Every structure is written in structure tokens, then in C-alpha cells.
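K.L.:
Protein chains in written order, with the UniProt record's numbering: chain U, 1 to 531; chain E, 1 to 262; chain A, 1 to 314.
Just so you know, the hints here were simulated from the structure itself, not pulled from any lab data.
Predicted model only: the values in this text are computed from it and were never measured.
Using N, Cα and C, we set each Cβ at its ideal position, and we do this for glycine too.
Check the hints yourself; a few may be wrong.
[Unchecked claim] Over the 10 Å line for every Cβ pair with chain U, so calculated as not near, a few chain E residues:
#, residue
1, Ala15
2, Trp23
3, Gln27
4, Gly126
5, Glu160
6, Thr168
7, Glu169
8, Leu182
[Claimed, not checked] Rough simulated footprint, nothing fancy, chain E against chain U, three-plus residues with beta-carbon under 8 Å:
#, segment
9, 225–231
10, 248–255
11, 260–272
12, 314–323
13, 497–505
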Amino acid sequence: MTEFTLPRRTALQLALGSLALPGIAEAQQAQIDPLLYGPTPENARRGGRITVGSLVEPPALDPFRQAADARIRVSPLMYQGLFFEDQSGVPRPLLAESATAAPDGKSWTFRLRRGVKFHTGQPMTSADVKYSYDFMRNAANGSPGAGDLSSVTSIDAPDDFTVVFNLSRPNAALPMTLTNKYGAVVPRGFLDDANSGTRMNEISVGTGPFKLKQFRPNSTLVFERNPDYWQPGLPYLDEITFVTMPNSAAMAVGLQSRRIDLAMFSRPQDTQALANAQGVEVRRWPSLNQKTVDLDCKYNNLGDVRVRQAIALAIDKKTVMDASISGYGTVIGTIVAGMQDAWGVPLDQLANQRVDLDRAKALLAAAGHPNGFDIDLTTIIGYDWMDAAAVTIAEQLRRINIRVNIRKLELGVWIRNFRAREMGFTFNDWGTTPDPSLLYYRHFRAAPEGADFRNWNHARASALLDRGQETADPAARRAIYAEFQKILAEEVPTIMMFSSDVLTANRTRLKNYVQHGTGWYFGLVKAWVEG
Amino acid sequence: MTAWRLGLVLLAFFAVLIVAPGWVAQQSPFDLDPARALQPPSAAHWFGTDDVGRDVFARVIHGTRITLGLVTLSLLIATAIGGGLGIVAGFAGKWFDLAAGRLADMVQTFPPIIAGVMITGVLGPGAMNLVLALAVIYVPTFFRIGRSAALAEAQLTYVEASRAAGFTEGSILVRQVLPNVLPVLVLQYVIMFPLALQIEAALGFLGLGVVPPTPDWGAILEQGKNFILVAWWMSLWPGLFVLLSAAAMTLIGQGLREKFGR
Amino acid sequence: MAGFLARRLGAAAIAALLSSLAVFLIMRAVPGDIVGQMLGQSGGDRAAEEALRAFFGLDRPLWSQFADWLGAVLRGDLGRSWYQGRPVGVMVWEAFLVTLELAVATLVLATLIGVPLGVVAGITQGSRLDRAIQSFNLVGLSAPVFWLGLMLLVGASAALDWSPPFAWSGPQEDLADNISILVLPVISLAVLQAAAYSQFVRGLMIEELGKDYIRAGRAKGLTPAELYFKHALSNVMIPLVTFMGLILVQILGGVVVIESLFSLPGLGRLILAGIQGRDYPVVQGALFFVVIIATTINLVVDLLYGLLDPRLKP
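The whole structure should be built from the sequences, with the hints applied where relevant.
P.N.:
Pasting the structure below:
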């Protein structure tokens, strides 16, 4: 249990130049990347059904207009974007076959895969791709992903299997943006109906390996094999049933009694109950998620950078991690664990990472709070790790005389405050698609280009984020983001504490399930069951 | 009568825990140490430790004051407001009775947990908001009891006699009706206590109760539910304490009912 | 009688209207709306928020939103779920059937356990058996239902290596699965209600057995069986039936936590999920339905009471 199941693939492949995407071929029938969705198994058996236990359930299945993580987890089974967000940081062509950026970086040309059919039976062409992404980037349609496409000025479809995205300024992260978090390619015209969003709870209209069979809210979600799927031989499973489980103890019980075949645990130590269970494997995967403390620079005394630094210097991330997730994770500095090797700055080169109470007290005194102050720390109901982290941090901050009152918020209220840039001093639990621009831009770029939820409004950091998005050369890009991270650590608008490992448990009859670091169920496409 | 005595003994036991929890549990309910997390019951930690290494015995013992205090307070508020309005409604009648009656009908049609979720949704979770939510849920019960008791009193001859003797309505209400209705409200208070305690624990279990690190039985149960397979002690003891205190009040309620001749 | 009925119906209608208005206002007083949930913590901008708000009519004045909703309800239309797109009436009815099955199964089990226990305890008042039954009653009345459910789930897993399937199947889909799903939640709920039942019946029996006609019957030489079952039990039937109505209302109101604990797609979970997701039509429609059901049961119980016992006729 101490070793990761997957060796951390590093980002040598990250040599993502404008032309260096893997799998690019001008041949008529491009080969299909064997690493799409994860490693291809040998001797896989086709057929069989499995049941997956999940603590969360999507409120609805519309990939364009529902941002809930529970929705994103299952959408990739039915819907596909142009690229697959490989954990290593490489966007692997999915519905696209190749990607070419213009020399000035202001347009990207994507060749599309042939022979792809929608679940409705229609063949996919460039017109569908243009339609789908035009819909998504129009703010009036209310897609949460629109902001990531703000640099797109128009989309052209010069022939049936080519699309061109024209940009107002270069965007090196565009392929990684056209992945599977928000939106997808759907048949043109489908979204014209005002009720198309809720229609997608009844039928799936994507190109993915599974079709929606039945969605019964507060209970089950069933997918069946798409017989016309374009990756030969895939998927292996006939049917997948997701069951909404009440709590992680019930998931463990369900695995032991063979009611469910697979479960992902939101709090890793909850798998301890399965350590000695017969016929159940518990596996541990690196994640693209992070647990943070966010500091609203307009709240309380947090506008003073010295106060923020003092707080950072008083928090012992390792102890918080041990208390809240029993140490099943990695302490981080300024980037999620899954991207540290490719993009991160070593923690010893970042400011404010080591506990230093004397300096913290001196900073507080200099900021005019020699006797400390009172502050509310927000946790979210249902995020179990936060309660333990909150009492630990309250204890740590008391050592520099900051008196913490813990307050709990219901998720909907918390989201409202966050979006209104009134987050206060709060825990946060968020993940990313593996590209630094997608990780940082919306959160830390000053308004109006970014959302700047923490009211940080930092000019130099914003300039770096703009340049990072525009720069194509990998080495130059990496240097830009390293500089940005140093500012982030110095300025402390957020304290990124740790990435919690993703823990999955499965009945041993389920084979080749590989968990993606986002927590999304890409791995089910290549999973199979013994007869 | 033995049941009544058992109830009093249990009540005395909980009273000690409320007045002097530190005298019973020597350890702090707040001191945490991840190094000793999730330890089973032992001589050092009678009820084991929780996921951040706090002593569960200390948390349960100190939780007595919190949990029972919240229920006591919320029912007191419900009795004062509900009972008071009910007495006035029963005694004065007319439009006030009608309006208050409809309002009570309205509140009472909501399942208690749903009402609790909605009220804490507006106010936000927290001890005082939980008290308010529970109070609102039980106001109609006490309103009805107070109203029917006052209604019965108002028809008695002594009230008529007082009126004839020139006492004002207000003074009849306060000096004569109230003392006679009060025992009925007290009995109802005791009867409602176990029910309100269950709702309080259930709301805590849904995460809508007190904020950490306050020890509250429902909150400890909520915290323990995910660990129940590896650390049953986090769930067993607070549950048993809810059970025992509810039983104490049930027994006392039965005893009181017999004493009052039902 | 007709006057009484009219008055009660009028009062019920006013209560339903008031509570609908209260639900409407409370839901809007809870901070955050569906738009925030759809866009997530970081997605979309002001323009997207405004577009979605307009789509759901949330940009219109409150009074007009409520008037529209009420008007539709009076035409028999509870609207559609904002997430699901399905008619709220259908969703509420499906969820109600789950809750009703749970409640009826609980009621049956509680009656089967509670009534005999109460009768026996009443007949053998003061005996050791009576005391044992009273202890059961006390524990049953005092144990938190959700705690009992949790303990049962863990106990069944440890002792029998068994767990419920968690995926819901209705009785008409797969009866065996349906029973497997319901057995633990029904037991958790029934313990409380059986205890309440048993306590109630015991009191009735003791009261009844102390009456003159029983003493007279004893003197006449009737056998205990005739006394207890022919006379005493048949006399306590009336309060028993009304108590059943009360218990049903109590179960229907108390299943929320048990539904959550066992992943049952019942009415309580529908409402909870609706509140969490700010799906106003679902919350308003479901609670409107709950109010109507609760009021109806209360009315029926009162009417039955009046019919069965002429002294109580209003």
C-alpha cells in the first residue's frame, strides 16, 4: 500500500511543441493511440457487467451545462472531446487525429477522425465539431467551460474532416482545453432545443464507448456498450451500473458482500476496513486534486500580505495531512502532486513552506497584530477531511495567537460565496486538467480575463499567466510557470497543502481498471471482467 | 414506581455529567494527536480515540452538556412561545386563535427533519441555529397543549366567578389559568424531550449541528459513521448515551403521568 | 357533519397555501441558487449566470414566480424538475411509492410485534414478562433510528457477510431484491414503532381489564381467552386503529434519515436532494404533496374517530 500502482509517468513526453503531438499521421487511416484512456490489456475478455459504488450522484447528465464533479466523472463514458487529457500532461488525440498550430499561434487546425458515429447513428463531421464548440463558447448558453475558450474568435470547417479554431491571441493550452471536462462533440442542431439539457438525462448523443441506458435519480445510473464504437474491440464491458451509496462504510460492506465491483473513496483512509477483505484489491493512485486553504484578500486582515505569510508559516501541512487523510497523500507547494514533476518548483525553492513561528509572530506584529486576531475558517458539509483539518489548523494558528472559529457551510452556499468572491478564509478541494494554464488562469488571473476568486489582483502574476498561455515552447513555458509559482508561494493567496491519493477498491474479478488522477472514470473503457 | 426511580437515577447521572464533566472525564475533549488516532478502548482511553486522536470518552462526557443543553434550551423556547401563545389563544379565542392555529397547522405539516434542514439552510449550521430550528419544530405541539388546557380552564366556573368579581382578563390569565395549565406543559415537555433529542442527533448526523471542535453526540456519530468498520467505538458510545438519556426522560415522563393521574 | 367537513377542508386549504408560500420563501432565503451549482465553483461568468437565471425565470419578481407556480398547481401541474426535466408530479409519486412501501412494511411489522407484546404485557401486568417487554419498549423508544440502522448494517455484514444491494428495485421489478433492500431499514424503523405500539396497547389493556364488565364476566365464569380476546381486545380496536394512523404519519415523517442511510429513492431523499440542488420546483411540489397527504390522514383519522365513537362527534 505504500507504492503507487502506476509508476509516475513523467513529462518527458511533454515536449508538446506546436507539431509534436503523438499519434499524428497524415495517412488516411490514422493509427489509434494505444494509450488512449490507459494501457491496453492483453487477453481481455469481452462481455460481462459490473456495478460501481459511488458516494456522489450527478444531478443531471448534460456535459455542456452541469459543472458538478459527479457529472464529469461519468460523462467521458458517453461523450468525447477532441483530445484525451492524459495524466502525464499530454493531450492525446481522441476525436481529433492531429493538431497543428499556425506559426503565429493565432489559429489551430485539427484533422478529425473518420468513421466516428454518434449514438444517434449519424456520422460525425467537422460541422458537428464546429456546432458543439460554438455552442459551448457562447456565454449566453450558460456553459461553465465558456471562459476557457474566451480566446477563440471563430471556428471554421473548411472540409468535412478539418476544423480550424481562430484565436485572438495564442493559446498553447487549447488542445488540453478541448478535452472532456466541459462540453463534447454532439450532433449539430441537438442543442437548439431549449430542453436539450434535460433530454440528455434520457438519451446520450455522444460518440463515447458507452450509451446511457437508464438514469434513476437517487439510485442508479446504467450504461450499456455502444456497439458502433470507433475504437476497435472496445469497450470490453457490456454494462456498467453506478449505484449511489450512502457512505464509505456501506461501500466497504458492499464490496465485501460482492454487491459492488468497484468503488472510489473520497477519503483514502476509509479503505482501511478492506485491508484484509477476501477478493478485494485496494489500490492507490496519484491525483490531480488538491486540498487547499484559500485566503480572500478582502476578508478580515487577509489583505495584508504579511498576515497571509504568517498564516502560511504557522501551518504544518504534513500534520494537517496526517490528521485529515491519515497521511495517504503528498504534501505539495504550489501545484497538484500529479503535475509536480512536469511543472512544479521543488518545495525547498518556494517561500513560506516551512513552519517558522518566530517569523510568523514577527510578521503579525509588523502588520499591527502583535496580539493576534479572531478569524472564521470555513469548512463544507460533507467534505469529511475538512473537519479534522480545521481543528488541526485551529490548533496550529493558536500558536501565533490567531484565534480560529470554525464555521460550516452547506455546499450550495459555499459555491455562492466563492463565485461572488466572498469566500473568506476557507478550505477548498479542487482538481484540474493537467495543464498549468487550466490550473491557474481562471483562479488567479486578475479580472476581467480571469475570475480572481481570491481578490488577489496581482499584476505581475497576471502578466505571467497571460504569457504562459501564449507561449508554445515547452522550456520557456515551464520557466514562466516556475516564476509564477514563486510569486504564489511568496504572496499566499492560497495555501496548497496536499494532494490526497485516489484510492480505489475492486473485486479481483475486475481487471485492468486504471484510475485517472482527475477521479473521472476513463479507466472503465479498458477494464474487463473474468468470466 | 421503580421505573420512575430508575429514571431519576439516570437523570441524576446525566446531571452530574452536565454540571461537572471535567470531574468525570479527566482528559480534554479537544486535545488532538494524529499519532494516537483510532485506538480501540483501553485503560488510557476508555472509549478509544477518534480519527484525530481525541479521547472519545472525554468527548462523549463533555458532549452531554452540549447535546442535552441544546435540546433543553430549544424545548424551553418552544414551551414558552408555543405554550404562551396557546394559552392566550385558548383563553382569548377569536381571530387570534384562528390565525395562530393555522400557523401551527402549517409548521406541523412538515416532517421534523425536513423542517430542520430548511431552517438550518437559511440560518446556516451552528449550535444556536440548531436550537432555533428545534424550537420552531416543537412550537405547534406546545401551542396545541397550551390551547386546549386553557380552553378547558376558561370554561370552569372559577373563571366566570373571577370575571364577575371584577378581575381583569390579564390577571385571570396570569394568576389563575397559568398555574393550572403549567403542569400540563411540564408533562408535555418531558414527553417531547426524547423525541427532540432524536431529531437533534439526526440533524447532527446530517452535518447540520454544532461546528467542530464542539463535542456533540450527533456530531460524533456523524464523524464516526465512515469509520464504523474499523472504529466501532466512535459510533457505539455516543449512540448509547443518546439512548440512555432518552430512556431517562421517557421513564420520568411515565412516572409524571402516573403522578398527575394522566 | 357537512359543516364540520367544510370547516376542516377550508382550514386544510389555508394551511396548504400558507405552507406553500413558506416553502417558496424559505427556499429563496437559502443562499445560492441552481445557477451556482450548474456553473460550479469556478465555471462561467456573469453573462452565463444571467442567461441561466433568465432561463429558469429567476430574474423575475418573486410574487410573479409564486403566482405562476400556484396557478399551475391549481391546474394540476406541479411543473418540471430543473435538473431532471421530468414532471415533478411523476417524480413525487414514484418517490412516494418507495416511502409508502417502507412505511406500510414498517407498520405491518410493528403491528405484528407491538400488539401481541402489548396484549401480553397488559394481561400479565407486573410480572417478569411484563417487565421484560417494558424494557424492550423503553430501549425501542429511546434508540436513535439512524444509529440502529447503522449498527444493523455493520452487524449484518460482520455476522452474515451480507449487505443490501443498495440499487433500488421496486416490488414489481424484482421482489427478492426489493425485500433485500427493505429488510434492514424496515427493522430499524419498526423497532421504535413496535415499542410505541406495545406501550400503547399495554395501557389500553390494563384500563380495559379493570372495567366492570370484565369483572362481571369473570364472575360469570367466562374463560380468560374469551375475556381477553372477545371482549377486551375488541373494545381496544377503535383506539388501536386511530393509533395506526398516527404511527403512519410519524413513519412517513421520520424516514428521511433512514432513506439517506440506505440509499432509498423515497420522498425524503427527493426533498433533501432538491434542497441541496436548489431545484425549487421539486422541493415546492414534493412538500405540497406532503402537506396534502398529512392533512388528509389527519382528517380521515378525525372522521373515523367521530364515526367510531359517537361521543366525540363534533
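K.L.:
Against the structure, test the hints numbered earlier, and report the numbers of the ones violated in rising order.
P.N.:
4, 9 and 13
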